[in-house]
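Starting from the known structure of chain L, fit chains V and W onto it as the hints suggest.
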Amino acid sequence: MEHVVLGIDGGYPLLVLAWLAPLAGAIALWAFGPRVRSLGGPIGAAICGVAFLALLPLWNAATAIGSHAYLFSTHSNGIGAAGASAVASYSTNASGANAAAVSTLAGIHQSLVSWAPGFTFGLLLDRLSLVWALVITGIGFLIQVYSIGYMTGDRAFARFFAYLNFFVFAMMTLVLSDNFVGLLVGWGLVGLASYFLIGFYFDRPSAVKASRKAFVINVVGDIGILFAIFLMFAAVGSAGYGDVFANVAKLSPGMLFAICGCLFIGCAAKSAQVPLHTWLPDAMEGPTPVSALIHAATMVTAGVYLIARCAPLWNASEESRMLVGTIGGITALAGALLGLAQWDIKRILAYSTMSQIGYMIMGVGVGAYDAGVLHFLTHAFFKAQLFLTAGIVIHALADQQDIRLMGGLRTRQPFAFWSMTLGVLAICGIAPLSGFWSKDAVIYGTLERGYPALYAIGVLTAGITAFYMFRLLFVTFFGTYRGAIDPSSLGIRHPELSGQAVEPAHDHHEAHPTSILMIAPVAVLMIGTIGAGLLWIAGWRDFFAPAFAGAPEGHGAVFLPELGSTILVTAVVLVGIAIAYVRYAAPAALREAIERLRVETVRMPAPLAHAFYFDVAIDALFVKPAQALGRLAGTVLDPLVLDGAVRETSIVTAWLGHLARSFQTGLVRAYALTLVVGAACFVAYYAFGAVR
Amino acid sequence: MLVGPEQYIALSAVMFSLGVAGVILRRNPLIMLMSIELMFNAANLALVTFARAWANNVGHIFAFLVITVAAAEAAIGLAIVVVVFRKTATVDVDEIALLKG
Amino acid sequence: MIVFWPLALVLIASAVFTITAKKPVYSVVGLLVNFAALAVLYVTLNAEFLAFIQILVYSGAILILFLFVIALLSSGTKAFDVGPDRLPKILIPGGLFVFVVLACIAAVTVRLPFVTRPLAAVGVTGNENVFGSVADFGTALFTTNLLPFEITAFVLMVAVIGVVLLAGDEAPPFAKKARPERESIVKTQVLK
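So the protein sequences, as listed, match chains L, V and W.
Those letters in the first sequence? Residues 11 to 702, by my numbering.
Those letters in the second sequence? Residues 21 to 121, by my numbering.
Those letters in the third sequence? Residues 1061 to 1252, by my numbering.
Keep in mind that the hints were calculated from the coordinates and are not lab data.
None of the values given here were measured: they were computed from a predicted structure.
Heads up, the beta-carbon is just placed ideally off N, CA and C, and yes, glycines get one too.
Worth double-checking, as some hints may not be accurate.
[Said to hold, decoys possible] Footprint (simulated), chain W over chain V, 3 or more residues, beta carbon under 8 Å: (1) 29-37; (2) 42-48; (3) 57-63; (4) 67-75; (5) 79-93; (6) 97-108.
[What the hints assert, rightly or not] Taking lysine-lysine and the DSS-like style, the derived pairs with C-alpha atoms no more than 27 Å apart in a straight line are: (7) V:K120 to V:K107; (8) W:K1082 to V:K107; (9) V:K107 to W:K1083.
[Claimed, not checked] Computed spacing ranges between beta-carbons, pair by pair: (10) L:G644 to V:A117: 46 to 52 Å; (11) W:I1211 to L:A655: 53 to 59 Å; (12) W:M1217 to L:T659: 50 to 56 Å; (13) W:Y1086 to L:T659: 53 to 59 Å; (14) L:F673 to W:T1204: 42 to 48 Å; (15) V:A117 to L:L639: 54 to 60 Å; (16) W:V1194 to V:A109: 44 to 50 Å; (17) L:A655 to W:M1217: 56 to 62 Å; (18) L:L685 to W:I1211: 19 to 25 Å; (19) W:V1215 to L:L685: 18 to 24 Å.
Excised from the complex, chain L in its bound form (with noise of 0.2 Å):
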C-alpha cells in the first residue's frame, strides 16, 4: 500500500524532545514529587520552557518547505525506515488532485514506530501545528511560572506540576500526531489530564463532581473520533492523515459528511460546543491556572485544530460547514447570553471563552480557517491574561469569587485594573488589541463566504460580549468594596442553590500578597495581548495559504465592504460598553450599586440562572435513562440471569453431587456389584465381538 506521508520525512531529535520532556518531567514529578516539594514547580516549568524552546529551531524548517507531497511505499517493512537516509527512496508525486489536497501538510516528518502493516505513528510539524505547539508550551511555561506563586502553601504542589506536564505531553501528542489515532490518543490523554486537574481537591464534592462530568462529557466526544477512524479506516483503509486527504476526492458525498460530522461530535465535546458545553463552566472547580491553560487557551481549542488540520475535508463538504458554522454560531450566541447571567468571576470568563470558541469554530467550520486560528491565538493571549488576573483577584481576596463581593478593587489592586481592562478591551475588539483583527476577520469571514445569518449572530454576540465582558470589569473594579457587605443584602441566599460555585478554588484561604511570579507572567501576556492580532496584517494569510489551500474563498458579491463591517461591529461593541456604563459604572449607578445588584439577583431571568436548563435537559434525556437502565440492571438483569446462571450452576453442580453420592453407599456388596457390572461389560465386548 502506497503511504501518502505529510511533509519531509527526516530525524528532528528536538521535536522528539518537545514532545517528550512534559512527559519525562510529570513521570519525574509524580515520582519524586514528595522529594523535591516546592522545588516542583520549578522543575515543571523549567521543562515547558526547554519544549518550547527546542521548538524554535524548527520554525524555519517547518515553514520553508512549499507545497510537496510525498509518497513511499511500505510494502517491504513497513514505515520503520525512518530518518534522512530514506528520503532518497521517496518519489515526489504530483499526479493531479492529491496534489493539492496533501499540499496543506508541507511540513516536516518524524517517522517513530509502526506497530502494523500500513499503520504508523509519527510527529508532523507543520504550520498550523506549530503554531499549536508553541502557544501550549509557551502559554504552559508562563502559566507554570504563575502557577508557582498561585500554588504556594497548597498541598500536593509537585503533583500539580507533574498533571500540567502531563497535560502538556498530551496536547503536544494531539497537535504533533500525523495520524488520526495518535490524534485520539492525545485527545483522551488531554482529557484525561483535564480530569485531573479540575478534580486536583479531590476532597471537595463539587470538585469532584465537576472532573467527573467533564470526563464523561469528553468520553463522548472521543467516541465520536473513534467513529470517524473507524468510517475512514473502512472509507479509506488508513487513519493517516496524508491517506485520508489524498483520497478525499474519492469519497462519497454521504461518507465525508458521516466522517465530518463524527470528528465534530468530538470537536463539540472538547470545545465546549451547544449541546455538550456544560462541562466547562463546572470545571471552574479546578485551579485558575489551570482555567486559565487547558478551560481557556488550549485544550478547549483542541477542535479547532482538528477542523483546521481536517480543512481538505471540510472544503470539500458544504453541508459540513454549514453545520459546524451554524453550531459554532449557536454557541458563540449561547456562551454570551449566559456570560450575562452569572456572578461568580471565573464562570463569567468560562462563558466567554465557550463564546469565543464559538466563534473560532464558527470561523474555520466556515473555511475562515486563517482567521479562525488567528481567533485562537488572540483568544489564548488574552484569555489567559483575563484567568491569571482574576487569579490575582481571587488570590488576593482570600479566594472570593463572587463579583458581587468585590467593587472597588480598582484602587487596591492597580495593576489587576489595568490588566483587566486590557484583556476586556482585547476580547471586545477595540482596535488595534490583539481581538479586534481576529474577531472582525471571523466574521467578515462568515458574511465573505455567504453566511449572513452567521454574521447577524457574530455581530450581536459581539455587542453583548462586549456587556458582560465591562460588566465584569465595572462591578469588580469600580465603585465601593462590598466585600465585608452581608450578602443576603445582595440577594445572594444560597449559594448552593443559585448555580454559581461560591466555593473557593482553593485550600486555604487567605489573602495573599501578589508575587512577582504572579505579576510576570500576566505581563509577558500583555504584549501578546497588545500585538498578536497584527500578525494579520503582517501576513498571516498567506503564511498559512499554503496550509488552507482550495479552502472556500469569498463570494466577492457582497453588500458590505470590509471597512464598512469594522466600522458595524465596533459600533455595536460601543452600544454594549455603553449600557454596561450606564447599568454598572455610572455616578448613579455606582451610588445605588447594592440595591441594583440585589434587584439583578433577585429578577434574574429563569433561563439565564439555569443556562437555559441544558444541564436539566440532558439530565433527563441520557442521565436519567441512563440510571434507569442501572436500576433495571441491577434489579432484574444482575440477579435474575447473571446471578441467576451462577445460582443454577451451583445447583445443578450439588444436584449432580447427590447424584454421585448416592453411589457411594458404603456398602461392600454394592461396590462389588458396580465391579461385577464393570466386568460384564467388557467380557460381554470381546465375547461378542470373539462372534462377529
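Okay, now just chains V and W, sitting in the frame of chain L:
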C-alpha cells in the same frame, strides 16, 4: 450326549454366576468369602478345560497360581472379618458402611 | 464321559446350597461337596495333580480355616441376614443386567469353535510326556514357568505377614508408637 469343552465352560460360567449372586445377595461376610471361593473355582475349571482343549499345561500352572492366591485371599479376608468383628461386634457388612459418602 | 452330567448337577446344587444356606457352617459343607466334585472333574480333564491340590488346599486348608473363624466368632449357629436390606433398589436392575450378560456369555461360549487336540500320549502317570501327569506338571512348573511359582511363594508370604499384622493383636499394630516392640511381636507371631 457328547461332552466337550463347551459344556465344561458353560458349567464354569454357571458356577461363576452363582458366586457373584452369593457375594451380592448375602450380607454375611463369611458366606461372601465362600462365594468368592466359588468364583475362583469356576475360573479354575475354565482354565483347566482350556488347558485340556489345547493340550497346553500352562493352564494348569495358572490354576495352581489361582489356588495359591485363593488361599492367601481367604486368609486375609478372614483376618479382616475377625478384626472387624472385634471392633464392631457385628458380622453384617451392611452395618459397617464406613465408606458411605 | 457320562460322569460329567452327574458331577455338573452336584456342582450346581452344592453351589446353590452354599449361597443360600442360613448358617455359614452349612455353607462350608456345601462348599466341601462342591470342591470334591470339582476335583473329580479335574481328573476327567487329565489334571491329576490339580485334583490332589484341590482336595489338599481347598478342602483341607481353606475350609478348615473357615470353620475355625466361624468357631472363633461363635456365630456358627446364628442366623444371618436379618434386619432391613440396605442395598439400594437401583442395584436390582444392575444385578439383572449382570445375569443377562453372563447368560449371554454362557450361550456364546458353547458356540465357540473349540479345537480339541489329541493328547500326545496316554500312558502311565509319572511319565513326563503324559499330559497333566505330576511329572509333566512339575517339569513345566520348575523350568519354563519358574517365575509364576516364585510369585506364588511371594504372595503367600505377603498374606502371612498381612494376617499376622491384622489379626495378631487386639489393636492394629500401626496404632502403636514404639517401633521395636511391634517388630518383636511380628517375630514371635511368625515363629508360633
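Taking the hints in turn, this is what the structure says about them:
Under the rule that three or more residues need a Cβ within less than 8 Å of chain W, the assignment of the segment 29-37 of chain V holds, with 8 such residues. Taking a C-beta to C-beta cut-off of 8 Å, the segment 42-48 of chain V contributes 6 residues in contact with chain W, enough for the three needed, and the coverage statement holds. Counting residues of the segment 57-63 of chain V whose beta-carbon sits less than 8 Å from any beta-carbon of chain W gives 3, enough to reach three: the coverage restraint holds. With 7 residues bearing a CB less than 8 Å from a CB of chain W, the segment 67-75 of chain V meets the requirement of three and the coverage assertion stands.
With 13 residues bearing a CB less than 8 Å from a CB of chain W, the segment 79-93 of chain V meets the requirement of three and the coverage assertion stands. Residues of the segment 97-108 of chain V lying with their CB closer than 8 Å to a CB of chain W number 8, which satisfies the three-residue condition for coverage. For the suggested pair V:K120 and V:K107, the alpha carbons sit about 18 Å apart, so the restraint of at most 27 Å is met. Distance check on the hinted pair: W:K1082 and V:K107 sit about 24 Å apart at the alpha-carbon level, within 27 Å; holds.
Among the hinted pairs, V:K107 with W:K1083 is consistent with the structure: their alpha-carbon atoms are about 22 Å apart, no more than 27 Å. Range check, L:G644 to V:A117: Cβ separation about 49 Å, and the 46 to 52 Å hint holds. For the pair W:I1211 and L:A655, the supplied restraint of 53 to 59 Å holds, since their beta-carbon distance comes to about 57 Å. Between W:M1217 and L:T659 the Cβ separation comes to about 53 Å, which falls inside the hinted range of 50 to 56 Å.
Between W:Y1086 and L:T659 the beta carbon distance is about 55 Å. The supplied range of 53 to 59 Å therefore holds. Checked against the given bound of 42 to 48 Å, the beta carbons of L:F673 and W:T1204, roughly 45 Å apart, stay inside it. Range check, V:A117 to L:L639: about 56 Å between beta-carbon atoms, so the 54 to 60 Å window is met. Separated by about 47 Å at the C-beta atoms, W:V1194 and V:A109 satisfy the suggested range of 44 to 50 Å.
Look at L:A655 against W:M1217: about 59 Å separates their beta carbons, and that is inside 56 to 62 Å. Range check, L:L685 to W:I1211: Cβ separation about 23 Å, and the 19 to 25 Å hint holds. A C-beta distance of roughly 21 Å is found between W:V1215 and L:L685, which places it inside the suggested range of 18 to 24 Å.
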